[in-house]
Amino acid sequence: MDPTCGASPDQLAGGFCQVCGLAQPGRRDHIEIDRGWVAGITDRGVVRKANEDAFAIETWDEVAVVCVCDGVASAPGSADISEVAAITAAETVLEAVRTSNWTELSDDDRADVLDEATERAQAATLSAGQADSANAPASTYVLAVLSPGVLDVAWLGDSRAYWINEFGPELLTSDHNHRNAVAEAQPDLGAAQLAELANGAALVRYLGPDGDGEPPEIVHFDPGDAPGMVVVCSDGLSMYDEEGTVMADAGRKAAASFPPSERGLVAARAASLVEFALASGGGDNVTVVIADSSHAASESESTRATSTGAASTGDEAVGHEAAGHGAAGDEAAGHGAAGHGAAGDEFVGDEASPAPSESDASGDVAPDAEPSARASSARGKGKAT
Amino acid sequence: MSNMFDIEVFHNPALAPGATSVDAVITLTAPQDVEGGEEPTAVEIIMVDMSGSMDQGDRFPMAIEATCAAIEALADGTWFSVIAGTNRAYPVYPARGPAAIANAETKGEAIKTVRTRLRPSGGTAMGVWIEAATIAVRQMRDTITGPVLAHGILLTDGKNEHEQRSQLDARLAAAEGIFQCDCRGIGADWEVEELRHIASRLLGTADIVASGDLVGEFRSMMGAAMGKRMADVGLRVWTPKGARIVHLRQVAPSIEELTDRGVEPGAPFTLDYPTGAWAGGESRDYHLRVEIPTGEVGQERRAARIQLMLDQKETEPHFLQAFWTEDTNSTTRIVAEVAHYTGQADLAQAIDEGLAARKNGDDKTATVRLGQAVKLASESGNDATVRLLQKVVEVEDAGSGTVRLKAGVAEEDEMALDVRSTRTVRVKRSGEPS
Chain A
4 MDPTCGASPD
14 QLAGGFCQVC
24 GLAQPGRRDH
34 IEIDRGWVAG
44 ITDRGVVRKA
54 NEDAFAIETW
64 DEVAVVCVCD
74 GVASAPGSAD
84 ISEVAAITAA
94 ETVLEAVRTS
104 NWTELSDDDR
114 ADVLDEATER
124 AQAATLSAGQ
134 ADSANAPAST
144 YVLAVLSPGV
154 LDVAWLGDSR
164 AYWINEFGPE
174 LLTSDHNHRN
184 AVAEAQPDLG
194 AAQLAELANG
204 AALVRYLGPD
214 GDGEPPEIVH
224 FDPGDAPGMV
234 VVCSDGLSMY
244 DEEGTVMADA
254 GRKAAASFPP
264 SERGLVAARA
274 ASLVEFALAS
284 GGGDNVTVVI
294 ADSSHAASES
304 ESTRATSTGA
314 ASTGDEAVGH
324 EAAGHGAAGD
334 EAAGHGAAGH
344 GAAGDEFVGD
354 EASPAPSESD
364 ASGDVAPDAE
374 PSARASSARG
384 KGKAT
Chain B
227 MSNMFDIEVF
237 HNPALAPGAT
247 SVDAVITLTA
257 PQDVEGGEEP
267 TAVEIIMVDM
277 SGSMDQGDRF
287 PMAIEATCAA
297 IEALADGTWF
307 SVIAGTNRAY
317 PVYPARGPAA
327 IANAETKGEA
337 IKTVRTRLRP
347 SGGTAMGVWI
357 EAATIAVRQM
367 RDTITGPVLA
377 HGILLTDGKN
387 EHEQRSQLDA
397 RLAAAEGIFQ
407 CDCRGIGADW
417 EVEELRHIAS
427 RLLGTADIVA
437 SGDLVGEFRS
447 MMGAAMGKRM
457 ADVGLRVWTP
467 KGARIVHLRQ
477 VAPSIEELTD
487 RGVEPGAPFT
497 LDYPTGAWAG
507 GESRDYHLRV
517 EIPTGEVGQE
527 RRAARIQLML
537 DQKETEPHFL
547 QAFWTEDTNS
557 TTRIVAEVAH
567 YTGQADLAQA
577 IDEGLAARKN
587 GDDKTATVRL
597 GQAVKLASES
607 GNDATVRLLQ
617 KVVEVEDAGS
627 GTVRLKAGVA
637 EEDEMALDVR
647 STRTVRVKRS
657 GEPS
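Chains A and B are the protein sequences, given in the same order.
Numbering-wise, this note's numbering puts 177 at position 174 of the first sequence, and it's gapless, one number per residue.
Numbering-wise, this note's numbering puts 339 at position 113 of the second sequence, and it's gapless, one number per residue.
Just so you know, the hints here were simulated from the structure itself, not pulled from any lab data.
Bear in mind the structure is a predicted one, so any value in this text is a computation, not a measurement.
Glycine included, every Cβ here is placed at the ideal spot set by N, Cα and C.
The reader is advised that the hints may include incorrect statements.
Unchecked claim - Here are the simulated DMTMM-like cross-link-like pairs (lysine to aspartate or glutamate), alpha carbons at most 25 Å apart as the crow flies:
id, chain 1, residue 1, chain 2, residue 2
1, B, Lys-539, B, Asp-232
2, A, Lys-52, B, Glu-552
3, B, Lys-654, A, Glu-122
4, B, Lys-454, B, Asp-232
5, B, Lys-590, B, Glu-522
6, B, Lys-539, A, Asp-118
7, B, Lys-654, A, Asp-112
8, B, Lys-333, B, Glu-357
9, A, Lys-52, B, Glu-483
10, B, Lys-654, A, Asp-118
11, B, Lys-467, A, Glu-122
12, B, Lys-654, B, Glu-522
13, B, Lys-654, A, Glu-119
14, B, Lys-654, A, Asp-115
15, B, Lys-539, A, Asp-64
16, B, Lys-654, A, Glu-98
17, B, Lys-601, B, Glu-552
18, B, Lys-590, B, Glu-579
19, B, Lys-454, A, Asp-115
20, A, Lys-52, B, Glu-522
What the hints assert, rightly or not - Listing some non-contacts, in silico: residues in chain B with all C-beta distances to chain A over 10 Å:
id, residue
21, Asp-232
22, Arg-343
23, Arg-345
24, Ser-480
To be verified - Now the in silico label distances, taken between C-beta atoms and shown as ranges:
id, chain 1, residue 1, chain 2, residue 2, range
25, B, Gly-438, A, Thr-106, 44 to 54 Å
26, B, Gln-282, A, Ala-126, 24 to 34 Å
27, B, Asp-395, A, Asp-13, 51 to 61 Å
28, B, Pro-491, A, Asp-13, 18 to 28 Å
29, B, Gly-506, A, Asn-138, 42 to 52 Å
30, A, Thr-102, B, Ala-610, 43 to 53 Å
31, A, Asp-13, B, Gly-607, 30 to 40 Å
32, A, Thr-102, B, Gly-453, 43 to 53 Å
Whole structure, please, built from the sequences with the hints as guidance.
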């Protein structure tokens, strides 16, 4: 990819030309951020024409804040709101982590921070998107905060978080889609009937100008003493690995072949999962972010040492063109900037996907479905807990 | 916790077709505690006006007490020197060599010397004092290994009568980057513009002090200087080819123009701006306006890359992005931070122009401009400035900016308004408790 102003290709950083500053076509096609013990990759996939997925990573000592947002392809502008929402949410939590003794806060206090982050992310989508449009932009949302001894997850929609340790994978989220809403309302329905539901994958909760604006569903998960990793992903991965078995495997494989590339160990795992999704058909944009608690203690020391004096949020970035080197900040998308991706006519309806994504429901969201709180430790304002 | 500055950028990335101007407010916050690295050595130069006019009233005894209070407040280990200034500069303590190192003994000696040896006589050439301080600090910097936090305090009661502006400017240029300097004026015979010019070139503050408040003022200036932890922080700004930085100014806690202070570090399209020394947890706001080449609707361009320079090293960058869209909901969105500081800059300008008109006998312009200032100050919650304005004008209706000029305004009150017109209040952030 040559910069459009005639600068040399090595003058690109994060999809932007370092001479004229112009975003190059396909800036968001493939983005990696490697922060050592926390790493993420998003990829356009094989079938889609653009990548509406976005993610943000923040770290502070032994706390990792990650956010994954999957913009609805059929609603124009969704790529913009997914990016701004991910950045806004992660920054809001980072600010709270920086200014508090995070690990000593109560579940309720941490939930308040996640609520506020979600509120701000939702507010950010209002300024980025057109509220009155009949097909307003929308995005899923998973915000995970991993700290020593506790993992907090807030979400809206069907992007997911898994906890994976030596005992195997555990799905922490439950998709806010039409199928699950119906299953809850009609417990008698069998799996086969649910599978046949029209628009089963349509989102019932999401961020966006016409989102419900209610607090997200929140889970406080006790990861226990065994080291493990949280995998936060869009359905571009989970539709090929619902149970998380491939994700659990990736840890072992990547460890065996280390060093597999210039990437760090955790980034290499994320890369292997993206490669798996692409090899499985790559039917949707795929985003994988991993935070590995077993590396947190050692790496937070080195991160601190190497980024002495660095702007803590300089590297929250959503744009990272090259794998593996630590200077993610080089490729950062603007702090507070609503990135503007190439929106437009997106591919809608992918019959090759083995599992339906939001796009096969012609992008519509199921009307009148109640949001639900399922997890036993779930908490939401205004809902019974 | 960690040696990381926090950088926040507030701007509207959405530009209307053909638009080229990007405004951003950048909030920089220093880390609370600095871990590791070399502890910087503090250097303090106290420059006291000993011109003949200091003999008026209680100025001289108060200046002596204030100087002693400042010496008392020096942290042990600080390299310090006291200079008496007239149309020349005299070393007061130490009598020989560039500096003494503060401890109970040297501080005691310095205080004794200040109390017994100083007598007012002669003229005023502040550039000469600054030159003497510059030479002393340069010598100290050559001797001290590791980072240096060099600070000066300059007290005067008069105009710079025995030196031309060009001489002063040459001496200031030599001092830039060597030490920072806070300047204070007592009485009403000094010039606001002159003192602000000196303070501004040397990245310090200027203010008026009543002689009775001098001791407390010196103590607090010294406390602030001793609280600095990081020296010589630079703000590095890259803009794309064809872009122009229209202005870069500090806007909180006060307005300090940095636009013409950019130095080319050698990297392409990049300028470094000095921000001086920072205390732990200190936070300041900057307003950057960049003109960039326009783009097509749907295109996205980086308008600036913002980094700090700490110990010659770049911090990780923040980017100011812009994109072009026909969606007027987005392009017309007002960023509260930018609007607020644009208003604070207008306020400072209204005060400057109002006071100048008043001085020139143009009461009509003075009434209009000071009225606008009252309106802007009260709207933005800048209560300190409202109080200063009330000493110069009778406020009939702050909301509409209706005022009457007061007669018989004390000269010190007018100078206080003038010298403090650049003080701003910080913007209230969305989501902050009110």
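Find the hints from earlier in the document that the structure breaks and name them by number, from lowest to highest.
5, 6, 9, 11, 12, 17, 19, 21, 26, 27, 30, 31 and 32
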